[in-house]
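A.B. asks: Chain by chain, the residues run as shown.
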Amino acid sequence: MSFYENTLITRQDLPKSELDKIKEKYSDLINNNSGKVVKIEEWGLLNLARKIKRYNKGFYIHYKFEGNKETLNEINKKIKIDDLIIRHLIVKYKNLDTKNEYFKKEK
Amino acid sequence: MKRKGRKFQKKSSSSLNKLSLFQKNEGRFGKSCPLSVKNAPTIDYKNINLLKKYISENDKILSSKITSVSSGKQKKLTKEIKKAKILGLL
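Order-wise, the sequence lines are chains H and X. For what it's worth, the working numbering labels the leading residue of the first sequence as 1, then goes sequentially. For what it's worth, the working numbering labels the leading residue of the second sequence as 1, then goes sequentially.
Don't take each hint at face value.
[Claimed, not checked] Below, computed lysine-lysine pairings styled on DSS-like, alpha-carbon distance capped at 30 Å:
(1) X:Lys-79 with X:Lys-65
(2) H:Lys-39 with X:Lys-52
(3) H:Lys-39 with H:Lys-69
(4) H:Lys-36 with X:Lys-85
(5) X:Lys-31 with H:Lys-57
(6) H:Lys-78 with X:Lys-65
(7) X:Lys-79 with H:Lys-53
(8) X:Lys-83 with H:Lys-77
(9) X:Lys-52 with H:Lys-51
(10) H:Lys-57 with X:Lys-82
(11) X:Lys-75 with H:Lys-23
(12) X:Lys-38 with X:Lys-83
(13) H:Lys-53 with X:Lys-31
(14) H:Lys-69 with X:Lys-75
(15) H:Lys-78 with X:Lys-79
(16) X:Lys-31 with X:Lys-65
(17) X:Lys-76 with H:Lys-69
(18) H:Lys-77 with H:Lys-16
(19) X:Lys-31 with H:Lys-51
(20) H:Lys-80 with H:Lys-39
(21) X:Lys-85 with H:Lys-94
[What the hints assert, rightly or not] On the chain H side, residues computed to face chain X include the following (Cβ under 7 Å):
(22) Thr-7
(23) Leu-48
(24) Ala-49
(25) Leu-89
(26) Ile-90
(27) Tyr-102
It should be emphasised that the hints constitute simulated quantities derived from the structure, not laboratory data. Quick reminder that beta carbons are idealized off the backbone N, C-alpha and C, glycines included.
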């Protein structure tokens with residue numbers, strides 16, 4: 001088991017109920033595939049530095065979780081199919097720091 | 001491009017000249033590595049305010065000659081900046 005961080009960027013024109021659905025969907029996905037969610041952060045609607053798939057803004061959801069190869073495979077599979085998600089990034093970490101939140105002040 | 005090249009030569013010619021040229025933007029960079037000090041900020045793709053200091057106006061990564069970041073930290077910086085670019089943060 002090792003630690004990972006996963007950041008999703010969703011489309012800007014989604015209602016709030018849809019966002020909550022996505023948030024739950026992926027946290028359940030991690031928990032059901034031999035993983036464990038440590039923390040979920042919502043960075044809110046941010047401007048993208050450049051256009052990504054014709055969108056100027058994106059809604060950021062950030063997961064910190066513990067998992068293994070199966071979890072990663074499952075996440076990558078689901079994200080590839082998902083139309084609502086523009087882009088994602090998964091980074092491996094030795095230790096997670098849950099104290100610092102770089103995007104909290106902007107709210 | 002020619003202009004840029006000339007500017008760079010001037011910078012390297014004398015230390016005083018370098019300071020005056022950089023006073024607008026990068027006046028804060030000293031001789032020692034700013035990221036190897038005690039209580040230095042963590043280099044991370046989420047820490048955008050830090051990463052913004054180390055890219056130029058055209059979103060290029062500044063060389064360690066200009067910013068005087070140590071080689072180990074520079075490698076880490078480039079990796080984190082590229083991650084941030086993937087996410088559209090920079």
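A.B. asks: Which of the numbered hints are not met once you compare them with the structure shown?
C.D. replies: 5, 6, 11, 13, 19, 26
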